[in-house]
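Enquirer: Sequence:
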Amino acid sequence: MKNIKYLLIILLFISCNKKVELQDVFTSSEVINAMLPADGSSTTEVKVELPVDSDPSKRGVVFSASNGSIVGAQQGKLVVKANFENGKLIAKATFKSSLKPGDASVTIIPEQQSAYKDFNITKKITLQPSLPHTVKLEYSTPAIRNNYQSEIFLRAMVYNDMGKGVSEGVEVKFDEYTEPLTPFSGRYRYSNKGTTSGDSSSVSTFFSVGNIPANINFFVKAEVFENGNPTGKSDVIQLTVIN
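For what it's worth, our numbering labels the leading residue of the sequence shown as 2, then goes sequentially.
Treat the hints with caution; some may be incorrect.
[Claimed, not checked] Cross-link-like lysine-lysine pairs, in silico, BS3-like; alpha carbons within 30 angstroms at most:
| no. | residue 1 | residue 2 |
| --- | --- | --- |
| 1 | K194 | K234 |
| 2 | K124 | K82 |
| 3 | K165 | K97 |
| 4 | K234 | K165 |
| 5 | K137 | K174 |
| 6 | K59 | K93 |
| 7 | K101 | K137 |
| 8 | K101 | K125 |
| 9 | K82 | K97 |
| 10 | K97 | K194 |
| 11 | K124 | K174 |
| 12 | K174 | K234 |
| 13 | K165 | K101 |
| 14 | K194 | K222 |
| 15 | K93 | K124 |
| 16 | K93 | K82 |
| 17 | K97 | K234 |
| 18 | K194 | K174 |
| 19 | K59 | K101 |
| 20 | K97 | K137 |
| 21 | K137 | K82 |
| 22 | K125 | K59 |
| 23 | K137 | K125 |
| 24 | K101 | K78 |
| 25 | K59 | K78 |
| 26 | K59 | K165 |
| 27 | K97 | K124 |
[What the hints assert, rightly or not] Pair ranges (Cβ atoms, derived):
| no. | residue 1 | residue 2 | range |
| --- | --- | --- | --- |
| 28 | G211 | G73 | 47 to 55 angstroms |
| 29 | K165 | F185 | 31 to 39 angstroms |
| 30 | G103 | S151 | 39 to 47 angstroms |
| 31 | Y140 | T28 | 54 to 62 angstroms |
| 32 | A144 | G233 | 24 to 32 angstroms |
| 33 | E139 | G77 | 46 to 54 angstroms |
| 34 | I238 | D162 | 39 to 47 angstroms |
| 35 | T135 | N212 | 33 to 41 angstroms |
| 36 | G103 | Y191 | 35 to 43 angstroms |
| 37 | G77 | A144 | 42 to 50 angstroms |
| 38 | G229 | G88 | 53 to 61 angstroms |
| 39 | K89 | Y140 | 47 to 55 angstroms |
| 40 | D54 | G77 | 12 to 20 angstroms |
For the record, the hints were derived by calculation from the structure and aren't laboratory data. Cβ coordinates follow ideal geometry from the N, Cα and C atoms, glycine included.
Could you put the whole structure together from the sequences, leaning on the hints where they help?
Expert: Put into structure tokens, the structure is as follows:
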């Protein structure tokens with residue numbers, strides 16, 4: 002009789018300590034679009050489904066991302082409370098691409114992690130190169146003083162065929178000339194060429210002119226280069242020399 006009691010106690014202990022698996026925390030997950038351009042702005046929805054009988058106090062889900070960001074995240078993380086949608090308990094977030102082509106991912110974990118086991122899901126996303134299509138050359142002022150008395154800030158914004166940013170590594174070169182297409186010597190504070198970075202779909206510099214007569218109009222062109230060769234994708238602005 003005593004042995005039977007011990008057996009019942011053991012069975013009760015085992016039943017109360019059921020091993021929790023990942024599917025007991027998250028029943029499914031999905032990335033709506035697992036392939037995006039690396040343009041710094043394209044997005045896709047990521048969602049995870051929880052068991053419908055999940056404890057209301059344990060329905061918080063944490064989303065974080067690599068090589069991209071979660072819209073609305075604070076310090077790289079976004080906590081979302083799962084809500085019912087068409088009878089399913091769903092938590093969802095929006096992933097935004099970076100300017101760096103390659104692999105990206107979204108990691109999903111419960112807000113209240115187990116003390117005995119980590120539960121997480123990683124969803125893979127591929128960021129494809131966002132290629133240059135057009136250039137828009139911006140400038141700080143239309144007039145510049147001669148003899149290096151002032152500078153103009155130049156910024157070449159590079160866009161893809163959808164009007165969004167391009168991936169890092171696109172080369173842009175600045176050239177100055179007068180009509181009819183006669184180069185003249187100006188000075189760039191840094192360089193007359195550069196590449197787009199992972200932070201911005203643009204290349205910028207400062208430009209000044211030397212011993213150039215006042216009231217002379219000249220032009221600055223920003224053009225995309227590929228493997229050191231001009232592509233014809235460019236923009237031109239007209240500026241005026243003053244004293």
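Enquirer: Below or equal to 30 angstroms on CA atoms is what counts here, so check K124 against K174.
Expert: violated, 38 angstroms
Enquirer: Are the Cα atoms of K194 and K174 separated by 30 angstroms or less?
Expert: holds, 4 angstroms
Enquirer: With a cut-off of 30 angstroms on the C-alpha distance, tell me whether K97 and K137 pass.
Expert: Answer holds: K97 to K137 is near 24 angstroms, not above 30 angstroms.
Enquirer: Hey, K194 versus K222, does the alpha-carbon distance stay inside 30 angstroms?
Expert: holds, 11 angstroms
Enquirer: For the pair supplied as a hint, K194 and K234, is the alpha-carbon distance within the 30 angstroms limit?
Expert: holds, 15 angstroms
Enquirer: Is K82 within 30 angstroms of K97, Cα to Cα?
Expert: holds, 20 angstroms
Enquirer: Holds or violated: are the alpha carbons of K93 and K82 at most 30 angstroms from each other?
Expert: Holds, because 9 angstroms separates the two Cα atoms, which is no more than 30 angstroms.
Enquirer: Does the Cβ-Cβ separation between G229 and G88 fall within 53 to 61 angstroms?
Expert: holds, 59 angstroms
Enquirer: Is the hinted pair K234 and K165 satisfied, with a Cα-Cα distance of at most 30 angstroms?
Expert: Holds, at about 15 angstroms.
Enquirer: Verify the CB-CB distance for K89 and Y140 against the hinted window 47 to 55 angstroms.
Expert: Once the Cβ atoms are compared, 53 angstroms apart, the range 47 to 55 angstroms for Y140 and K89 holds.
Enquirer: For the hint 24 to 32 angstroms, verify it against the beta carbon of A144 and that of G233.
Expert: For A144 and G233 the Cβ distance comes to about 29 angstroms; the hint holds.
Enquirer: Is it true that the CA of K59 sits at most 30 angstroms from the CA of K165?
Expert: Roughly 39 angstroms separates the two Cα atoms, so the pair is violated.
Of the numbered hints listed earlier, those contradicted by the structure are 11, 19, 21, 23, 26, 33, 34, 36 and 40.
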